[in-house]
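For chain A, the structure is supplied; the task is to place chain B on it using the hints.
First to last, the protein sequences are chains A and B. Here the first sequence is numbered in the numbering used here, starting from 36 and rising by one per residue. Here the second sequence is numbered in the numbering used here, starting from 13 and rising by one per residue.
Mixed in with the good hints there might be a few duds.
DEER-style ranges, computed between Cβ atoms [stated by the list, open to error]:
1) A:Trp-701 <-> B:Glu-25: 44 to 52 Å
2) A:Asp-677 <-> B:Thr-65: 54 to 62 Å
3) B:Glu-20 <-> A:Asn-678: 21 to 29 Å
4) A:Ser-201 <-> B:Thr-52: 39 to 47 Å
5) A:Arg-434 <-> B:Glu-20: 43 to 51 Å
6) B:Asn-39 <-> A:Ala-258: 51 to 59 Å
Calculated Cβ distances over 12 Å to all of chain B for the following chain A residues [to be verified]:
7) Glu-88
8) Arg-194
9) Gly-202
10) Asp-250
11) Arg-371
12) Gly-550
Source of the hints: derived by calculation from the structure; they are not laboratory data. It should be emphasised that the depicted structure is a prediction, and the values quoted were computed from it without experimental measurement. C-beta: ideal position from N, C-alpha, C; glycine also.
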Amino acid sequence: MSEALGQVTILDGNSFVVSDAAGDIEATPTDPTGLFLYDTRYLSHWVLTVNDERLHALSVDDVQYFEARYFIVPGEATVYRDAQLSVVRQRTMRNGFEEELTILNHGEDAVDLVVRVDAGSDFADLFEVKDAQGKKGKRYARVEDDQLILGYQRQTFHRTTVVTASGPARFDDRGLTLTTHLEPRGRWMATIRVEAQILLPTGENAMPRWRQGHDHLERDLDALMRSTPKLECDWQPLKDTYRRSLVDLAALRFSPRIAGGQSLPAAGLPWFMSVFGRDSILTSLQALPFVPSLAATTLRVLADFQGTRRNDHRDEDPGRILHEMRFGESMAFEERPHAPYYGTADATPLFLVLLDEYERWSGDADLVRAVEYEARAALKWIDEYADLTGMGYVAYQRRNLETGLENQCWKDSWDSVSFRDGRLPGFPRATCECQGYAYDAKVRAARLARQFWGDPDYADRLEREAAELKARFNRDFWIADRGCYALALDGGGNQVDALSSNIGHLLWSGIVEEGEKADAVVGHLMGTEMFSGWGVRTLGEDEGRYNPIGYHVGTVWPFDNSFIAWGLRRYGYKEQAARIAAGILDSAQFFNGRLPEAFGGYERALTRYPVRYPTACSPQAWSSGAPLLFLRTMLGLEPSGDNLVVNPALPGGITHIELLDIPGRWGKADAFARERSEADTQHALHPQLSAGPG
Amino acid sequence: MVHSDRVEEFFDELGRRGHEPLLDRLNATGRFEVLGGERTDEWLVAVRGGYITVTRGGGDADYVLRGARHDFDRIIHGDAGSVAALVRGTMTLSGSNAHVRFGLITRLFAGAPDSRRVWVDDPRLVAEGQQDREGAAGGTHG
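One chain only, chain A, in its complex shape (with noise of 0.2 Å):
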């Protein structure tokens, strides 16, 4: 059941409809309701009425993440009367949708039915949706042999939507009418079917075609819960939100064309469903142990698509691993500069990240040779073109000055990157964690190149500019008289001296100098200014642009808490790395285990429960894959050679957690986790773990 009579979503891979409860769609130029393919909007009106009256809900079941059962029946929600008609809709994700509406006669009486749905799209780009932006082309409509084609057509950009019925209906240009005759106690039934296509000049429809309609989705679901490993464990909502978090995946799952039937993970719903590089490799990375072939795809995909020259517009520059790349009408005329954008500092040494860990868990040597020259080059971009200040260190400016990404790491907000007392930086700017992951991916890389590309030499030149990297960075990043690292240098090497999350990250890479340092930032990383009580937030609360509803300075992301206890256990602090994942598992249990992009980074003793963002997107990618890394972290599993090393520390409140069937090049291992003693019940942390909402 969805939990409230509001919007309903159903999902595949990149397509969604969002709907009223009652199944309707009546969009307005600016909110993403309709169906969505590949960043356009194919249906922006469809509402059915029967003789004439709409129809309100009773209820929305929406058991699959593709397909949703609405209970309705005629009339206005506010005046409840015993409904004669009753009427069942049931919408299943099928190159757009397919609609099966059953209607059943409860009276006594015969009726005569009139079921009109009218139908409408305005084939806007979803950028258009979030900004709010005028159409360039023309739309049309019109009938033909008992289908309405709906188009939109701007020179050789051609979009349509073709709505058609199982049985006989009249169609008109605004939609389509169907007449019963219906007995006592009878029922009648009818599928329309909604084709959104992307015609080419040929006239061939592009439209990329995959795991279509129920039976094949529920296969597809079918065959990926399989091939997961099993979680048992004594906290339930563990379970749940492990399942959640699978079909979320499942759900997110997308194959272009360019992935030649393999699929990768689309960001988020609905503002980012398409193919991010950050987002997709931070994604494998978390699902590596559970779901490894989404890695494979990722690293495949943006190796393809790695820049190849120098660009200001999409701020492309050769061997930089994309952005984010759209299939939307201001990609296709380049009015925005997503084909791809490049604009990102992280995705590309991140690349690497991914690579190596790939290899260690999945034993693809193949992968690693095939890809050699996209790695060398990825090397080359962060020495050569990252290093916009000469300092040595990977910073980021954009050169597309209109449309182009201002902070170019996983914060991308204007404000993310901030001083103590408020001042925004200027550019370019080298943001903490991106020198982590420059130093981990060079660190990686050194053992692709002595192992598999045959190049010894050059994994002494990387292990020594990464240890060079590592001296400079403690260095000049290192604020002493706080304790703690800059956020950022700014362009003329200053420290941007905000306490940030994103220091968390630099336990995850290996950058932070053991001892006092590391003491420092897991000191920070749980004092009250950071730990809310669920998690890191991501801007102290004593900051000067701290505000715990803002999206990323004061907010709390579980994908960035899931990476800052994988660094804490890299370290060793495991109680830590512990208590963050149970704040963060147990926050699940408010959004019905499904995790949002983003919550409120309210004081947990004071509000009780984790407070919802306003705009966060959900199912989000890395938010569904935080609760596999926390998996991975609180059991401490580690490829070591061909084996799959367990080293397990649980937080409070769980006792016993068993994964069974964890992929790998071993095969299949299992890992379990139990408590120790009593004793060590005594030493463990408070109890953290709630008995869930109400």
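Same frame as chain A, now just chain B:
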């Protein structure tokens, strides 16, 4: 002649490149159909083990990339993106598995040859590149 332009120069240059490490994974032959007014110019571009052979004229191919001369010109010189051209419908790509190769195909249109070699960080290739250039200088191209 109107058609003796940057598109022609591009295909000439393509055939002289020698080893392109970033094309190692593209083992395929493509037919490039360049439409201009009444005529269509065709080139066959075969890539094997990172080495490119270009032949003027048609023939069997694994994939076909077709578009107006103006669009090819803009892509070759970096003014337009090839993915955008495909989504817009000004260029069409056909052939089984053609789209899976598309990212690699677009590398044929990468920037200046010197930068291509330099941005793969491998001294062995720089040495190889020098040999290629020396070989080309003494060859019959021109």
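We went through each hint and held it up to the structure:
no.	hint	result
1	A:Trp-701 <-> B:Glu-25: 44 to 52 Å	holds (49 Å)
2	A:Asp-677 <-> B:Thr-65: 54 to 62 Å	violated (42 Å)
3	B:Glu-20 <-> A:Asn-678: 21 to 29 Å	violated (58 Å)
4	A:Ser-201 <-> B:Thr-52: 39 to 47 Å	holds (44 Å)
5	A:Arg-434 <-> B:Glu-20: 43 to 51 Å	violated (30 Å)
6	B:Asn-39 <-> A:Ala-258: 51 to 59 Å	violated (31 Å)
7	Glu-88	holds (42 Å)
8	Arg-194	violated (10 Å)
9	Gly-202	holds (35 Å)
10	Asp-250	holds (26 Å)
11	Arg-371	violated (9 Å)
12	Gly-550	holds (33 Å)
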